[in-house]
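Working from the sequences, and respecting the hints, build out all of it.
Here is what each chain is made of, one letter per residue.
Protein chains: 2
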Amino acid sequence: MRIEILCTGDEVLTGKITNTNYSYMAQKLEDMGLSVVWGTTVGDDRATLLAAFRAAAARADAVIVNGGLGPTVDDLSQEIAAEAAGVGLAFHAGWFATMEAFFAARSRAMPANNRKQAMLPEGAELLDNPVGTACGFALTIGKARFFFTPGVPRELRRMLDDQILPRLLAMAGTPGVIHLKRFHSYGLGESHVDQLLEGIEAMAPDGSVKLGFRAHYPQLETKLLVRAPDAAGIAARLAPVEAEVRRRLGNFILAEDDATLEGTVLAALTRAGATLALVESFTGGQIAARIAPLPGAETVLRRAVVVRDPAELAPAIGADAARLRGSHEDAAGLALIAHVADAARNAARASHALAILVDPDPGPDGIGFGGSILIGIATEAGTACRAARILGGREWLRLGAVEMGLDCLRRHLAELPIDERIDFEKR
Amino acid sequence: MRIEILCTGDEVLTGKITNTNYSYMAQKLEDMGLSVVWGTTVGDDRATLLAAFRAAAARADAVIVNGGLGPTVDDLSQEIAAEAAGVGLAFHAGWFATMEAFFAARSRAMPANNRKQAMLPEGAELLDNPVGTACGFALTIGKARFFFTPGVPRELRRMLDDQILPRLLAMAGTPGVIHLKRFHSYGLGESHVDQLLEGIEAMAPDGSVKLGFRAHYPQLETKLLVRAPDAAGIAARLAPVEAEVRRRLGNFILAEDDATLEGTVLAALTRAGATLALVESFTGGQIAARIAPLPGAETVLRRAVVVRDPAELAPAIGADAARLRGSHEDAAGLALIAHVADAARNAARASHALAILVDPDPGPDGIGFGGSILIGIATEAGTACRAARILGGREWLRLGAVEMGLDCLRRHLAELPIDERIDFEKR
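Keeping their order, the protein sequence lines are chains Z and L.
So the working numbering is basically just the index in the first sequence, starting at one, shifted up by 2.
So the working numbering is basically just the index in the second sequence, starting at one, shifted up by 2.
You can't tell identical chains apart in this list, so a pair holds if it fits in one copy or across any two.
Mimicking DSS-like on lysine-lysine, the simulated pairs with C-alpha atoms at most 25 Å apart in a straight line are:
{"id": "1", "residue 1": "Lys145", "residue 2": "Lys30"}
{"id": "2", "residue 1": "Lys30", "residue 2": "Lys212"}
{"id": "3", "residue 1": "Lys183", "residue 2": "Lys212"}
{"id": "4", "residue 1": "Lys225", "residue 2": "Lys18"}
{"id": "5", "residue 1": "Lys18", "residue 2": "Lys30"}
{"id": "6", "residue 1": "Lys212", "residue 2": "Lys18"}
{"id": "7", "residue 1": "Lys225", "residue 2": "Lys183"}
{"id": "8", "residue 1": "Lys183", "residue 2": "Lys18"}
{"id": "9", "residue 1": "Lys225", "residue 2": "Lys30"}
None of these hints come from the bench; they were simulated from the model.
Here you go:
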């Protein structure tokens, strides 16, 4: 089945906003085993919209159109869709009543121009929008089934999941149920994981499990797409394969599905009734900024301190100035970071402390630019530390250090070794 | 002139990566007064590429193709371009020599498959790539002039600026020179600025200055696009208009052109030989994370402290516990934040301190969610403080508070009032 995505709107066409709706939709379709073969972007212009609808109608089996369903004069999707299909517009009393209720629930009067949003091409199938006033609709134009969706990301996502994906899967004749299982890891490169998971697809019968990856440094997402006649079949096919993925990737899996590294860390700390002190240098507050916005972080994250000169840690957290001097190499570096983590924990009266000091190389930025990383974790029971070196440029080093710090804390909380060698390390 | 952008590659088509090359190119063309009317995205597939090239060749005057110039078998742009133009491929000895020199300079042997990158359609005009091995080229297909560019963003940007924009401007018959002047502001909404700048275009003769906006909350970018026969003409037309923009937007302009808010703040601190202490709560380290990565920040940013419970400021920066309790309202709030800023400055022995405490409303997130913000700045000369309230959701509040904190510090360093009312405030 040939699927196209057609994005409309001057703001997307002119690059004023980056088209994240496109990548969201395409990725979501791919995750369900549906392939997008063509993407089109046009502005709020009648002639161009009509030409784009006609071209897609002649080429594709299914087309998702995004945008142009709003109440203003430059929202043209319904009108041009009707023209392309050779039908008129009809007033949809049911959707109009829904809109009136939407405004009434918010104690607002509905502006007159919202009536336009209840005008749909004759013969169109309404697609519900439970979170906004722009209903979607499906309509056949030429040889293709068109699905019209709102530009507001939250509304689009809901409609795609609830209304459009089931219809597309039915059109594709996909039997039964599809499920996407995701593993997030840090520390292994894509080709390394691909190699570790060799033969994994063959564990399930009939090609019912498909393996895929999405790399977004520093994390890698490993995906298993499973097809089965029903939910029980999904569970039966997935269970041995996911167990094997967990076994092979082991300690490197930091979270699954919608969970995140920072969320995993916060959940573990919360379960333990713990409080956290952070010390950052080169990472400049980015570890704190990952944890602080999460619900519940306010009771766990007690204090974060960011310094650029390690000597500042003496007044900042009461570290011993004499123990801050000296080499970041080898044993001396590990002793230094252990002391910093311990001092931070004491200063904040926290149960846990994570300290990360990065010593960037001198010289200009570039692919060969790197730095030495010291990570220390302190608890009542003592300290655990590791050292590492990452190359690849200033920003690469910074992102890698943030991730490594959070991942070491995750490992420590899960009683896993914190110093397993990772692929991004240079020694 | 009708310009199209045609992006190629499976990773972009399937949404694995967000297509920022598209928005970069479209925005850059708009900035030069050139309009993109159509965008297409297709994968690394021969038949689809050919169909896409042919459709664009029949529709557009100029087409920028992005991607597909690499050395691997799925890089098909040269080959399909030749097919669409009805010509063969020819070996470009000059570019091959350039590639050999590129590898030699890096002490690496050139792999055999890189030879492919020197095969160009017959009659193509080479477009230089000084930062990579993929040369671009221009070729007429059908009625359109095609410009082929590499997918690596850094290489694309250089080629667009140096090679393609001058050719497109010449094709468009744009006389003389074009210049884009940009102002960045915080605190005024787009419609407000539009109103403040009424009549500004009319100050220049012959429509030679065009006004535009780009809103990316919390900042707004105001753009003046100037056309003139030569550089002297640009300067003459721009000078009175930019002076008037500065006069009307006044203290709200935080930076111009490529400068940033955090860069402006750091530059002012550096000029003053100052050092900075930061205190953050709900903003969770995001102010520190804006300043810390900038070159030179390591000598200015002495210490940042992030806490979630203000009571923690007593042990963290030696604040007086008694003065941390009490209301965030009115005079009491201002006294509290003044004390916090002062204590932070003393604790870090810094010349300047910026403290920002946010008290988010209770209850669930949503468009009506807001919070109260206290901002204090301390120097040797004393403290300056302001209070504000922002509504619009947790993330909106957080972003707004970060920007307001940095902007207050900018204003203070420039000896401007820090408590001018902004459009995002609710009182």
